[in-house]
Each structure stands twice: as structure tokens, then as C-alpha cells.
Amino acid sequence: MSDRPPGSSLGDSLVQDWAGPGELPPSDWGRPKGPRRTATVWLFALFITAMAAGNLWLSDRFTHEAFLAWATIFTAISLQALPFLVFGVALSAALTAFVPASFYRRVIPRNPVAAVPVAGLSGMVLPGCECASVPVAGGLMKRGIAPAAALTFLLAAPAINPVVLIATAVAFPGQPEVWIARLVASLGAAVVIGWIWARFGKSDWIRPPRAPHDPDAPKLRVFRDSMVHDLVHAGGFLVVGALAAATLNVAIPREWITGLADLPVVSVLVTAALAILLSICSEADAFVAASLNPFPPTALLAFMVVGPMVDIKLIALQAGTFGWGFVRRFVPLTLLVTLLSTFLIGALIL
Amino acid sequence: MNRIAQGLVLVLLGAAALGSSAFSELYLNYVQGAFRPFLIAAGAVLVLLGALVVAADLRAASRGEEGEEGHDCQGHDHHGGPRVAWLLVLPAVAVFVVAPPALGAYTAAASGAAAAPDSSRVDLSEYREDPFAEAGDGPVELQLQEFVSRAWTDEERSMSGRTIELTGFVVPHPEGEDEGWYLARLQMACCAADAVVNRVLITGEPAPETDSWWTVRGTWDEPEGDLQSVRDHRFTVEEMREVENPPDPYE
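Just so you know, the sequences run in chain order A and B.
Following the working numbering, the numbering of the first sequence begins with 1 at its first residue and continues without gaps.
Following the working numbering, the numbering of the second sequence begins with 351 at its first residue and continues without gaps.
Keep in mind the hints are simulated off the structure, nothing from the lab.
All figures in this text were calculated on a predicted structure; none of them were measured in a lab.
Yeah, the Cβ is synthetic: ideal placement off N, Cα and C, and Gly gets one too.
One or more of the hints may lead you astray.
[Said to hold, decoys possible] One side of the interface only, derived from the structure: several residues of chain B facing chain A at Cβ under 8 Å: (1) Gly369; (2) Tyr377; (3) Leu378; (4) Ala401; (5) Ala405; (6) Gly526; (7) Ala539.
[Stated by the list, open to error] If you want the footprint, here are the derived chain A segments under chain B, 3+ residues with CB under 8 Å: (8) 65 to 78; (9) 132 to 145; (10) 192 to 203; (11) 226 to 235.
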């Protein structure tokens, strides 16, 4: 990739020179943007030409096997997440543009303590992975839902939706206790985290969502702007997460990990760490958990409970949507509660 | 990142999704075949959305306006996208410039041997009711993952003595050619990041070129003792032929 990042950083610095937020007067000065537009279009024309040239001359030159394996996994994670991200962003934009705010006030209880379990259970109806739930939770907050309830939904939806539960049942045939344990442990953790956030969370920990839209703006324009806003904010971080996850996927030798399978508590922490680092989509993680068969059942449960709620890709997405101040507090809390929930439910059910 | 750049980045990203799914089979290297319609839909939405943003911005420019986004500049981002959004061009670079191939021998060798699954957790009938009865006396074609599951968990040993056909790619033995070579296949649930290796050890034949694809016909070397304690499943080859471009690299 050594030939590529210059393209992006060049673009960055070029546009930064023209449009650095520090140098540019407020946009309502009405200064013409003509030269900047032209420069951007030229920049992209050059970039596309460079990609076409790269396609012709470079694509056969990549022969380093570790690099190619890394590139394959990066591309796979990016492409696999993309439809879910687009779907989540579209749903979030539709919630913002077409559903009146009064609807939520009627459906979701005003009191956060009562709203949290409702939000957790409604996570069972959104068939997507974690990439879809982050923008939807952001959209819910914009519409005035209590952050604690929106966050419970964010955690519950990728972990307990029907697609994930069916995938789990398929990956562990003849063992209904596995998907039941997953459902109970995930829902329990999501609701407890929501309650903790409702009790102790402060609203300024979450980066304020964009100011409410002009109520007179055409709905389609609100929809379009909201989609673009969420895509450029969350999408870049999704790529960061995919880069990190692909690197760790290639770098961690699996044999080295399975050597730790026999240690009682450590094995659970190891699978939890693996779930965080590998960032596998929640709809596929049950199959990977099934392949980690030297590990005890509680450790496999940890892989499936922690993964959909805390992983590198998700942390990057949350940082892009809610800011680092939020991530710094929310991620350790989530990790702690999901681990406790795993140990408890693992001991009770598995 | 200004408005027009945001639109163009989305168009590029959508083009990468469309280019790898609608106009080529490249996506099979990365995700499940069933994922194609979702990739096409996501790509189309991104291209359309990006084009709309660019068109709206250019229209605003031709009217001599500052752009239609002037109305809510009190937001946190002043309608500039964050700089990290430039990274969205990386998937396009990966698809169009690198076009990485499916995972193969490198990954299979790096991930090493799998361990035996707990036989109570494996349901062999998920593959087929009874492939051996269906095939009569002829050779039985098995997926590598089914062969490996049976070799580890089928206590009735229904593969014993049967002629079996397997297809996969060649992985060299880490301790050199004298130890034999592996015929391997990656099993994928969702995308290449979750690929798991299934492999059989072949010793009777010289190792073909690494990463070349072969269909081998032969028999399972039944282990003497406990199936679960086996580390490498061995296979005796009677006949093998090279496969040109297997349609889907993963099982």
C-alpha cells in the first residue's frame, strides 16, 4: 500500500490548506467556494488516474504473501461491513427525517430506568451487525431518546437479533443451551449497562449530535444530508478498525492461543481478548467460536458475548459517532459488565 | 473535507463495492457468495448518494451560492467531514489496485492444525443424510470440512474402505517435503476474517506446486485408536488431477 497513502494525505493537506477550519472565516460569510470545488475535482481526477495506472502496472507486482493475506482480510472486513453500515445509516436517517419526534415519546417510556429494558428487547428486531446499530443509536439520541436507552439498544441489537441467534444455534447443533446462554448473558449485560449509564452517566460525555434540523427543510434533503453525515463520520473509523483487525488477524498465531485453553479463568479472558482484537461480525462469530473447540464452554460464551459489544472496529465506530470522551468511559464499563455476565451465566447454564 | 470531496469519496467507495460484486467475481475472494445482492445494493446506494451530493453542490455553485449547507453552521462540524473520512478511499484502492486474491496456503500454514471437535457438538447429518448410501459402490465426493468432521467424530467409521474424492489447494509441510504435504480448504462463515482451515495429510505422492488446486481420489487411512486423539488425518491417494480455477475458493 506504500504507493497509496500519499494520495489520501496529499488530499488531506491540500484541502486543509484551502479549507482549514482555523483559517476559513465562518461559512455564512458567503465567500465563493469556486476555486476549492475545482481543486477538489482535479484532485479526484488525478487520484482516479493514479488508481487506473496502478491497476495496470502494479496489481501483478504484489507478491508478498503476508501482505496479500492482510489485504484480503482488510478488504473482506470492509466489504462485509459496508452493506450493514449503509443499511444502518439509511435507517437512522429515516428515523431522523420521516418519523416525528412525538412517536418516540409515545413508544419509549420517558423514565430512563423503564426505557432501558424496552430498548434492550427491541434490539431483538433489528437484523444487523454492530456496524448498523451504532448509527441507529445515534439517530435515536438525536430524536430525544434517553442516551442510556439508546446505548442499551446499541449493545443488544447486534448480540441478540434473530439472525445471530439462529447462526448460533446452527454453529452449536444439539446444544440449545448455548444460544439461550448467549441471549440471556447479552441482554442482561446490555440492560445492566443501560441502568448504570442512566444512574451515573453525564450528558456531556457524549459528543452532542448535530443541531436539530430546520423543520421546514424538505424531508428528502434531511434524509440525504443525515446519511452523508453519518457515513463520512462513521465510515472513516470503520476503515481504521478494519486496518487494525486485519493486522492482528494476520499477526496472532492461532496455535499460540489454543495453548492457553486449559487454564480456567485465563481461557475466558483470552477468548474475550481475541473477540475484541479480531472484530468478527456478530453474525459470524458463533462459527468461529465453534472452531475454538479446545476452550471450555464459558470461554466460548465470552467470545460471543464480548465480541458484539466491544471490539476494535466497534470502538472506532463509536469514537467516530460519539467522540473519544464517550469511548473512554463506555468501553471499560461494557467490558467489565459483559465479563461478569459471562461468568455468571456460564456457571448457571453451561 | 468539503462537500464535493465527501460526495466523490462515497462514489469511489460505492464503485469499489459495485466493481467487485456486480461486474466481477472478485467478491468471492472476500465474502460469502450469498452476500452479492447486499453488496450490489450498498454500492448502488453509495454511488447514487455521492452523485446527488456532488450535483447539489455544483448546482449551488452555478447559482453563485455558498452551498445549500449554510443553514446549520452552528453544528460541531461546519459540514466539513472529519479528516479520517479520507480513509474511505482505501477499500477502493484495495479492490482496484491490489485486488487481493483469496486466502490460501500462507494462511493455512500460519493457522496450523485444528483440534478435534467435541463429538457431541457435531451433527454430521447437517451435511447430507448418508452420502455413502447415495453413492452406491462408486466414489463419494466429500467437502474437506465434512471429511474432517467425520474423521474426528464418526465413531461408526462409515468412511472406512470407501473411495473418496476431495478438492483443495496444496500446502507444504512445515518440516519439509519428506513429511508429505497437505490438501487444505478454508471454511468461511461470513467473510475471510473468520476463515478456518480443514486439511488432510498426504504422504504417498510428491508435493505439487504450493497453492495449486487438485482433486484427489483415494481412501481414508483409518487410525488405530481413538479418533479424537488424531492430529493429522491421513489420506492415501490413488489418482489425482489438477483443477483449473475452482469456482468458489472457500467452502
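Results of checking the hints against the structure:
Residue-level restraint check for Gly369(B) is violated (minimum Cβ-Cβ distance to chain A is 10 Å; threshold 8 Å). With its C-beta approaching chain A no nearer than about 7 Å, Tyr377(B) sits inside the 8 Å limit, and its interface hint holds. For Leu378(B), the interface hint is violated, since its Cβ never comes within 8 Å of a Cβ in chain A; the closest pair sits about 11 Å apart. Violation of the interface hint for Ala401(B) is found here, the shortest Cβ-Cβ separation to chain A being roughly 11 Å, above the 8 Å cut-off.
At its closest, the beta carbon of Ala405(B) sits 11 Å from a beta carbon of chain A; the interface hint therefore is violated under the 8 Å criterion. Interface restraint check: Gly526(B) against chain A, minimum CB-CB distance 19 Å, threshold 8 Å, status violated. Interface hint at Ala539(B): satisfied, since its Cβ lies 3 Å from the closest Cβ of chain A, which is below the 8 Å cut-off. Three residues within the 8 Å Cβ limit are the bar, and the stretch 65 to 78 of chain A against chain B gives 12, so the coverage statement holds.
A count of 0 residues in the stretch 132 to 145 of chain A with a Cβ less than 8 Å from any Cβ of chain B is obtained; the coverage claim is therefore unmet, three being the minimum. Three residues within the 8 Å Cβ limit are the bar, and the stretch 192 to 203 of chain A against chain B gives 0, so the coverage statement is violated. Only residues whose C-beta sits within less than 8 Å of a C-beta in chain B count toward coverage, and the stretch 226 to 235 of chain A has 7 of them, enough to reach three; the restraint holds.
Of the numbered hints given earlier, the model fails hints 1, 3, 4, 5, 6, 9, 10; all others are met.
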